[in-house]
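The task is simple: from the sequences and hints, build the whole structure.
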Amino acid sequence: MNAAITLSDVTAGYGHNVVFSGLSLEIPTGRFAGIVGPTGCGKTTLLRTILGVQPIFSGDVRLNGWPVANVPLGTIGYVPQLGSVDWNFPVTVEEVIMMGFYASKRIWPWASREERERTHELAHRLGIYDCLRQPIMNISGGQRQRAFLARALINNPQLLVLDEPTSGVDIKTQHEVLHLLDDINSDGITILLSTHDLNAIASHLPWVICFNKGMVAQGQPHDIFTNDILTRTYGGDMVVIRHEGHFLIANNTLLHLTGNHHGISG
Amino acid sequence: MEFLVEPLEYEFFRHGLLAALMVGSLCGLIGMYVVLRGMSYVGHGLSHAAFGGAVVGFMLNLDFYAGAGMMGLLAALLINRITRNGEIKLDAAIGIVTTAMFALGVAIISQVRTYSQNFEAALFGNILGITNEDLLIIGLVTACTIISILYLYRPLLFSTFDNEAARIFGIRTEIVQFTFSFLLTLSIIASMNVVGVTMIAATLITPALTARMLTDSFGRMLVYSFIIGAGTGVTGMYLSYIFNAASGATIVLFGALLFCLAAFIKRCRVLFVNQSARQQRQELR
Numbered sequence: 000m001n002a003a004i005t006l007s008d009v010t011a012g013y014g015h016n017v018v019f020s021g022l023s024l025e026i027p028t029g030r031f032a033g034i035v036g037p038t039g040c041g042k043t044t045l046l047r048t049i050l051g052v053q054p055i056f057s058g059d060v061r062l063n064g065w066p067v068a069n070v071p072l073g074t075i076g077y078v079p080q081l082g083s084v085d086w087n088f089p090v091t092v093e094e095v096i097m098m099g100f101y102a103s104k105r106i107w108p109w110a111s112r113e114e115r116e117r118t119h120e121l122a123h124r125l126g127i128y129d130c131l132r133q134p135i136m137n138i139s140g141g142q143r144q145r146a147f148l149a150r151a152l153i154n155n156p157q158l159l160v161l162d163e164p165t166s167g168v169d170i171k172t173q174h175e176v177l178h179l180l181d182d183i184n185s186d187g188i189t190i191l192l193s194t195h196d197l198n199a200i201a202s203h204l205p206w207v208i209c210f211n212k213g214m215v216a217q218g219q220p221h222d223i224f225t226n227d228i229l230t231r232t233y234g235g236d237m238v239v240i241r242h243e244g245h246f247l248i249a250n251n252t253l254l255h256l257t258g259n260h261h262g263i264s265g
Numbered sequence: 000m001e002f003l004v005e006p007l008e009y010e011f012f013r014h015g016l017l018a019a020l021m022v023g024s025l026c027g028l029i030g031m032y033v034v035l036r037g038m039s040y041v042g043h044g045l046s047h048a049a050f051g052g053a054v055v056g057f058m059l060n061l062d063f064y065a066g067a068g069m070m071g072l073l074a075a076l077l078i079n080r081i082t083r084n085g086e087i088k089l090d091a092a093i094g095i096v097t098t099a100m101f102a103l104g105v106a107i108i109s110q111v112r113t114y115s116q117n118f119e120a121a122l123f124g125n126i127l128g129i130t131n132e133d134l135l136i137i138g139l140v141t142a143c144t145i146i147s148i149l150y151l152y153r154p155l156l157f158s159t160f161d162n163e164a165a166r167i168f169g170i171r172t173e174i175v176q177f178t179f180s181f182l183l184t185l186s187i188i189a190s191m192n193v194v195g196v197t198m199i200a201a202t203l204i205t206p207a208l209t210a211r212m213l214t215d216s217f218g219r220m221l222v223y224s225f226i227i228g229a230g231t232g233v234t235g236m237y238l239s240y241i242f243n244a245a246s247g248a249t250i251v252l253f254g255a256l257l258f259c260l261a262a263f264i265k266r267c268r269v270l271f272v273n274q275s276a277r278q279q280r281q282e283l284r
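Those protein sequences? They're chains A and B, same order as listed.
Last residue of the first sequence: 265 in numbering that gives the first Met the number 0, with the numbers rising by one and none dropped.
Last residue of the second sequence: 284 in numbering that gives the first Met the number 0, with the numbers rising by one and none dropped.
Worth flagging that the hints you see were computed from the coordinates, not collected in a lab.
Remember, it's a predicted structure, so these values are computed and weren't measured experimentally.
Some hints here could point you the wrong way.
[As the list claims (entries may be wrong)] Chain B stretches covered by chain A per the calculated footprint, using a threshold of three residues with CB under 8 Å from any CB of chain A:
{"#": "1", "segment": "148 to 154"}
{"#": "2", "segment": "162 to 176"}
{"#": "3", "segment": "202 to 215"}
[As the list claims (entries may be wrong)] Here are the in silico distance ranges between beta carbons for each label pair:
{"#": "4", "chain 1": "A", "residue 1": "Glu116", "chain 2": "B", "residue 2": "Glu5", "range": "52 to 58 Å"}
{"#": "5", "chain 1": "A", "residue 1": "Thr38", "chain 2": "B", "residue 2": "Glu163", "range": "17 to 23 Å"}
{"#": "6", "chain 1": "A", "residue 1": "Pro54", "chain 2": "B", "residue 2": "Asn243", "range": "57 to 63 Å"}
{"#": "7", "chain 1": "A", "residue 1": "His174", "chain 2": "B", "residue 2": "Val222", "range": "40 to 46 Å"}
Idealized CB from N, CA, C, for every residue including glycine.
Printed below as a string of structure tokens:
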């Protein structure tokens, strides 16, 4: 069986600037993984490379065994960072979800009965049926995230990619999104997301990839979140506080500044 | 009702009215995407490039539309090429390319003074001098644009909303962008003799902005923009006849008036909704 994502010796960047080079990475089908790393570490470039919209200098990117440029329609579901969306754009939640169908060969502007039924079914599942006719500017952050998730799921993708899905939303919504993604992953969909939030998000993920201009380490959070790996990933002196199976990750310098460094163990 | 029928006795008015109806609806339709894609300045720039092309074409004994069309398309292609890798922003590319082409036209006119009268219509519009050939071209461009936008409705909407996501979902965004630039250039060239280079930008964006004040749905906004554009063209023509004012300018002014009215209606609606919400909260207490 092919891996969901396979990167072989990939070098990518912008213009003459290389962001990462010689990267090889394999994410098996059905995995729920998160890429963590500091701002500017190349997380977005890596996601864009996997999605096939980042020109690469060398190497090979395959999704489910297909070269990324020839992946069949509907294989990938994508949720953009909420901050990159124009919320004043005049579209309703229903119109946003239906955009997921817009790469199909149907030429009529209006939705078919099947498309409408599928949209309503997903909206029911994600709890946004009541706001289908609402403009996107009038709904909450959590509802917006669910609307974009519905658009990503509309074609029953095999791979779901989310760029910082929890940035700009409150803690309650962050947990709701994580539960929802967990539920979607249990249907067999491979999920890859990027996040810079180690405590609220990354520590709850089943698999974490530490990234900083290249792969630092990957594995389950309790193996990966060590002082050494996080310090190498973030470039600062990071400490991991463990208590009854839970983590708290902090920057040691900041802890010293606030005087809270006593009794910390790695 | 006589004031509606009386001007129709004149052929120049019938031609002008038909041209205003078609150009109004055409600009309303294409202008919707111009506004939402943040390309208002492109419309303004392309009309200037097309003007330069018309002058060059005239010097080379080419048809007005051929010269304007070639230079307009060349400008659209150059702007796309220059901005492709993101190093130069869209507004800067438009500033360089289209102003240089416009300057070329102005330079030629300044050398051959007899040209100046021929291009007054292109600069300021001459809706009452519309010929059968003009009507045919405007009609063809309008029909072609309506069919293309209906055909491309879905990919155009998605790429206008989020171009990168559209690409990831499998839409060939380069083709969509190129087709849209082509349609925009054709629309500007077809509208040039009617409203003039100086007023095309307003004709393109005003119906769409007015429609935006009235709805938050993309589909409805597109229909409203089309109807408002057509209505503005026809009403503006009658007003110009009644008040004996320049047609292009009257159409633009009437469009601006409609926008103010729509903005006022929107403001009133927001105030009413806020007041109702306040009252509901007070009743709950």
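Determine which of the earlier numbered hints do not hold for this structure and return their numbers in increasing order. No numbers; nothing is violated.
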